[in-house]
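Throw the hints in and build the complete structure from the sequences for me.
Number of protein chains: 2
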Amino acid sequence: MTDRLAAQFAFLNEADKLKSVLRATTLCDGSRRENSAEHSWHLALYALVLADQAAPGVDINRVIRMLLLHDLVEIDVGDVPIHSAGGTAHGSSDVQAAEAKAAKRIFELLPMDLGHDLHALWQEFEAGETPDAVFAKSLDRVQPVMANLQSGGGTWIEYAVTPQQLEARVGAKVTRGAPALWTWVRAQALDWFAKV
Amino acid sequence: MTDRLAAQFAFLNEADKLKSVLRATTLCDGSRRENSAEHSWHLALYALVLADQAAPGVDINRVIRMLLLHDLVEIDVGDVPIHSAGGTAHGSSDVQAAEAKAAKRIFELLPMDLGHDLHALWQEFEAGETPDAVFAKSLDRVQPVMANLQSGGGTWIEYAVTPQQLEARVGAKVTRGAPALWTWVRAQALDWFAKV
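Protein sequences, first through last, are from chains A and B.
According to full-length UniProt numbering, the first sequence is numbered sequentially starting from 1.
According to full-length UniProt numbering, the second sequence is numbered sequentially starting from 1.
Keep in mind that the hints were calculated from the coordinates and are not lab data.
Glycine residues also receive a C-beta, built at the ideal position from the N, C-alpha and C atoms.
A hint or two may mislead.
[What the hints assert, rightly or not] FRET-style restraints, in silico, Cβ to Cβ:
1. B:Q123 with A:T183: 29 to 37 Å
2. A:R4 with B:D191: 13 to 21 Å
3. A:K104 with B:A172: 37 to 45 Å
[Stated by the list, open to error] Listing some non-contacts, in silico: residues in chain B with all C-beta distances to chain A over 10 Å:
4. A102
5. Y159
6. K173
Put into structure tokens, the structure is as follows:
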């Protein structure tokens with residue numbers, strides 16, 4: 001059991017590094033950039049509170065687990081902002097390959113059975129095909145929109161984002177997993193764009 | 001539905017403030033103090049990874065939900081370090097009353113049904129009597145021990161903590177919910193105390 005606990009804590013101590021990975025998005029008060037650990041917490045809370053927006057059959061407990069794990073690969077790869085490089089960097093094959101390599105390294109710190117299960121859950125999130133993963137990815141796209149609305153524009157100003165780009169890069173993905181949610185959020189985002 | 005979403009986001013936007021509440025404990029690399037949002041994420045990950053340390057019948061999904069919510073009251077009250085004021089501040093009746101008031105304010109931002117459910121879950125955690133709450137509280141006590149071991153002493157140095165105080169303030173609570181885990185962690189803590 002001692003070896004097992006040592007492996008569990010090798011992973012948990014490594015995970016601590018996610019608190020030092022900075023995202024493009026700021027806190028809602030604009031005071032500083034958000035890190036990927038507190039972002040992951042906020043998203044898990046989104047899943048808990050917005051569960052009624054999920055399609056029938058979505059397992060919110062699995063969604064929460066996915067969201068707790070989804071950004072761990074950024075310990076090696078860093079955050080790739082959705083609006084950076086004209087929207088082409090996020091999800092590029094280079095980034096995907098680097099993230100796959102990071103996932104292998106990080107989940108292999110765990111005891112083999114547990115590492116296998118959590119790695120598979122991360123891969124399911126990444127693939128974005130199951131109902132649970134589709135809903136999780138919707139929330140991952142919505143949360144920065146709310147932060148930008150609260151902070152007065154945030155990354156939309158920084159990256160000179162247009163409403164059309166927001167729809168393509170964010171809206172399409174949110175709509176897949178939580179269509180009514182995007183209708184509500186889009187209305188507020190368009191209000192903001194109309195005023196700048 | 002629009003009013004419901006407005007209430008859900010009033011809560012989620014308010015929750016963002018937890019990212020600005022600083023704890024006494026530092027990150028594992030000692031670079032800065034940890035905030036309560038990223039601490040809550042780390043604890044939820046602890047629950048996911050250390051589920052095999054829970055007593056039979058503990059529902060890890062409920063434990064994760066409790067841990068996501070457990071520190072929200074610190075938005076109003078701040079963090080009360082376990083070793084501060086000679087170990088007497090944490091859990092004092094004044095702090096408990098302030099936290100209960102904060103919980104009421106924060107959970108009442110939500111739609112009534114959801115606010116009631118999450119408030120009840122927070123109260124269950126606070127009371128620390130059910131198997132799920134007991135295990136959640138064990139993890140809440142263990143994580144700062146691991147941070148101190150990684151960072152070279154941390155709050156043990158800052159508050160001149162003795163091994164006896166650690167056993168009384170931390171060990172007793174961890175043992176209640178995860179006895180084998182404390183045996184393993186205590187051995188490492190005692191090694192550290194033997195060297196200073």
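Okay, the hints, checked on the actual structure:
no.	hint	result
1	B:Q123 with A:T183: 29 to 37 Å	holds (35 Å)
2	A:R4 with B:D191: 13 to 21 Å	holds (20 Å)
3	A:K104 with B:A172: 37 to 45 Å	holds (40 Å)
4	A102	holds (16 Å)
5	Y159	holds (21 Å)
6	K173	holds (18 Å)
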